[in-house]
Amino acid sequence: MSEARRTLSRLIGALGVLWAAATFTFFVQSTLPGDRATLILNQETGQTIERSAEELAPINERFGFDDPLLVQYVDYLGGLVQGDLGRSYQMKEPVTALIADQIGPTLLLTLSALAIAWVIALVLTIATAKRRSSRFTSAFEVLVAGLPHYWLGVILLVVFAINLQWFPVEGGTGLSGLVLPALTLAIPLAGFLGQVTRDEFEKVLDQPFITSARARGMSDLGVRLRHALRHAVLPAITLSGWALGALFSGAVVVELVFARSGLGQVLVNAASSRDIPLVSGVVMLVALVYVVANLLVDLAYSLVDPRLKTA
Amino acid sequence: MQTNSQTGRRASALAALAAALATLVAGCGGNGAAATTSPAAADAEPTRGGTISYGHQQEPPCISGGWVEQAYISRQVLDSLVSQVKEGEIVPWLATSWKVSKDQLTWTFELKPDVKFTDGAPLDADAIKTNFETWLNPKTINGTVASYIGEYYKSSRAVDELTFELKLAKPYSPLLSVLSQAYFGIHSPKALARGVEANCAQPVGTGPFVIEEWNRGQNVIFTRNEGYNSAPANAKHQGPAYADKLIWKFLKEPAVRYGSLTSGQSQVIYDVPSVNWEEAEREYEVQRYTTPGRPQTLTLNVTRPPFDDKRVRQALAYALDRENAVKAAFGDSSEFNGNPALSQTTPNADDDLAGAYPYDPDKANALLDEAGWTGRAADGTRTKDGRELKVVVTYGAGSIINADGATLLQMLQEQAKEVGFKWELRPLTLSQLFGGEYAKPDKYNAVPGYWTSPTAAVMYIVWRQSLPDRPNGSNTAYYNNPELEDTIEAANSTLDPTEQRELYYKAQKIVSDEAVAIGLYTRTSSLAIDTSKIRDVWLEDSQGEPVFHDAYLVR
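Residue numbers (the numbering used here), protein chains in the order written: chain A, 214 to 524; chain B, 81 to 635.
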């Protein structure tokens, strides 16, 4: 297959993923029990009651809820093709503007978490693999990999922000406000990445080419950094594509705990008020993140493992 | 402590843990400065300038609208026609005086002269007329405004530049009280013309602050309206606000909100977490506002068994030791409110109804026997003709009912079980709750709910009959009693305070006697204020909106 054709089929695949995400979200959200117009009216007044047809008519008309579902879907897709994600039912603003507004803090949070997780995982692996402390560190990694974000976030918050006052309690936009939220996401992920890398790293250290490198008189650290590491990080790179998507969902909780703005909060609010255009917009964005992350993983693979370039 | 509180949700346990840790630290002497809450505060000369940092809780989807969470924010930018102070007394605000015709169908308001909206438009009678028309236009409707005055409103007219006339279809004596709520805050007509979308995020009024920026998910930043000259008569000072800026932050997590106060990132916070209540009272100034209107009540659906039988409804009221359960679940952060129709702080609330159904399981059992629920299933649930005495209680978890409220419902569940009820708790998500699906009469037997309001007239919204040609979704008991409706309507129509009181009392007694709702607790708003940093923040009286116009920073 030629390079161009492969790129094209990848692009089509990516578009397919986005389309599927939009379609799935649209139909699930539209067919949940309960009436969307009632929901909008009730949320505008803080009430939770049944509404009369008379009250609902203007809202149904404004949002086109009376049209057959298929017509609404085609309308929605038509907008998507032109880059129009629609307008939020609740917040009345265009979805693209709301997302553009909120994506910065979330990307900053998830990417820093990913970077920190990698640093922690690599340092732990290189320092302890195949050494006496390996088993202890490994157990520690398993433990932190299972920590729920909510719990960890509250503990970090109470100890380091409220108690020791090393960091601000509410995140804000500054760098010091980013530390605790990013650590909350990074620590469990570091445990996860560390486990995978350690397994691979210890296997590699048993390989004959390691022995021969040592026979050439290379130092232990040199062997670990120059030879073993390159092999051992491959599974963790694969996982990072998935991890970036997972960090987005983790961000939902962390943004809430640390009162940060970001897509997570927007998604929670939108989903709980069945704000279809907004939910679909965010879901498509997350799908896009997955797609891009996997492309990047492929790219990183061929950089780390030159054998794949010719394949 | 009650053992059944073990069933509390994990989230609240974590919040308690967080608070306990925080308390521990504060106890170690981190907070000495804040403890010097001196009564000398009142003597200090207000200083100008600075930024107020306020930690609020919920963030609404729009800043203006008909939800109390919107009223809190819009109060900072919109002024209303009148303001309410204690016991329903009304004082001037944008209206300097008013009168009502003998037949009570024409209200005339004189407006304050030389007031301008912050977009430059003048405040005149036409502006007020535009507001009323916009609130009630089906395309731009404010549902809360409509539920108060929709049935009563006839027309509005600008008599001259500063004289506004409101015509009603029938007499409505609580009108001024109703108008004092921030839902009735006056917008610039020029701003209203921009449409629903623009007014959602950027309402424009004559108020003490202007919205500079809304960082969704984080805060709203207000700047001072330099030309402010229309504070209500009950404000502590006239003229522009003292502070340059107000940062209104959304801190939903209780530990963060309280931590923001203890760490000095906020000078004032809203909704003091009940686990921190004692410490807050020791270290800070705590203001508690008990919301008037309909208290948090358990409303019983009378359209289906078992609550179609008055004896069963009364039996449930006797079976619940509500007073002690409320104390155990809320501590000092909310109070028991036995009156099922009105909160104890509402003008014309009948305090005697609090004791109408004392805790009396024997009486409850006798009533249930009498109603024919004499059989018993294996688990002790009463039965009648092969049917179990089962009641489904739906509630908005984390919204209408907070974590403490959920604990209370679980305690009541245990108590109801003692006399043979099988009480099924069904928490609803926001979308289930607001979507109306679970508001249908066949979906529940009992549902908790409240309605913040400065007047007893709120009973007309809650208890007006729900008839096929005139549905009333707010009547969640689906209880249609013409006598009750007529009594409330008559009370709403009289200007004679004594007669009005008697009629409102009579209406409350019907609700209580028929046991169509069971009073639980008062909904409270609270502020914790670090008075070493800020003074003169207050909660206004119509629905407890925090007021920052008078607040100044301590230097």
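Just so you know, not all the hints are guaranteed correct.
Claimed, not checked - Chain B is nowhere near these chain A residues, computed Cβ spacing over 10 Å in every case: (1) Phe-240; (2) Gly-454; (3) Asn-482.
As the list claims (entries may be wrong) - 20 Å max Cα-Cα, derived SDA-like pairs, lysine to any residue: (4) B:Lys-234 <-> A:Glu-267; (5) B:Lys-219 <-> A:Glu-267; (6) B:Lys-332 <-> A:Glu-267; (7) A:Lys-305 <-> B:Lys-234; (8) A:Lys-305 <-> B:Pro-218; (9) B:Lys-520 <-> A:Glu-268; (10) B:Lys-219 <-> A:Phe-276; (11) B:Lys-219 <-> A:Glu-268; (12) B:Lys-520 <-> A:Pro-246; (13) B:Lys-589 <-> B:Ala-436; (14) A:Lys-305 <-> B:Lys-497; (15) B:Lys-520 <-> A:Leu-469; (16) A:Lys-305 <-> B:Gly-275; (17) B:Lys-497 <-> B:Ala-446.
It should be emphasised that the hints constitute simulated quantities derived from the structure, not laboratory data.
Since the structure is predicted, the reported quantities are computational estimates derived from the model, not experimental observations.
Cβ atoms here follow ideal geometry from the backbone N, Cα and C, with glycine treated the same way.
To see whether the hints hold, each was checked on the structure:
Listed as outside the interface, Phe-240 (chain A) is consistent with that label: its C-beta sits roughly 16 Å from the nearest C-beta of chain B, beyond the 10 Å cut-off. With 10 Å as the threshold on Cβ separation, the claim that Gly-454 (chain A) sits away from chain B holds: the shortest Cβ distance comes to roughly 27 Å. Not every beta carbon of chain B lies more than 10 Å from that of Asn-482 (chain A), the smallest distance being close to 7 Å; the non-interface claim is violated. With a C-alpha separation of about 19 Å, the suggested pairing of Lys-234 (chain B) with Glu-267 (chain A) holds against the 20 Å cut-off.
The hinted pair formed by Lys-219 (chain B) and Glu-267 (chain A) meets the criterion: a straight-line CA distance of about 12 Å does not exceed 20 Å. Only pairs whose Cα atoms come within 20 Å are accepted, and Lys-332 (chain B) paired with Glu-267 (chain A) is rejected, the gap being roughly 35 Å. Among the hinted pairs, Lys-305 (chain A) with Lys-234 (chain B) is inconsistent with the structure: their alpha-carbon atoms are about 30 Å apart, more than 20 Å. Distance restraint check for Lys-305 (chain A) and Pro-218 (chain B): the Cα-Cα separation of roughly 17 Å lies within the 20 Å cut-off, and the hinted pair is therefore satisfied.
Distance check on the hinted pair: Lys-520 (chain B) and Glu-268 (chain A) sit about 16 Å apart at the alpha-carbon level, within 20 Å; holds. The suggested pairing of Lys-219 (chain B) with Phe-276 (chain A) holds, with an alpha-carbon distance near 12 Å, which does not exceed 20 Å. Proximity of Lys-219 (chain B) to Glu-268 (chain A) is assessed by CA-CA distance (about 10 Å); at most 20 Å being required, the pair is judged to hold. A distance of roughly 12 Å separates the Cα atoms of Lys-520 (chain B) and Pro-246 (chain A); the hinted pair therefore holds under the 20 Å criterion.
Only pairs whose Cα atoms come within 20 Å are accepted, and Lys-589 (chain B) paired with Ala-436 (chain B) is accepted, the gap being roughly 9 Å. This hinted pair does not check out: Lys-305 (chain A) and Lys-497 (chain B) have alpha carbons roughly 46 Å apart, beyond 20 Å. The suggested pairing of Lys-520 (chain B) with Leu-469 (chain A) is violated, with an alpha-carbon distance near 32 Å, which exceeds 20 Å. Simply put, Lys-305 (chain A) and Gly-275 (chain B) have alpha-carbon atoms about 11 Å apart, close enough for the 20 Å limit, and the pair holds.
Between Lys-497 (chain B) and Ala-446 (chain B) the CA atoms are separated by roughly 15 Å; this keeps the pair inside 20 Å, and the hint holds.
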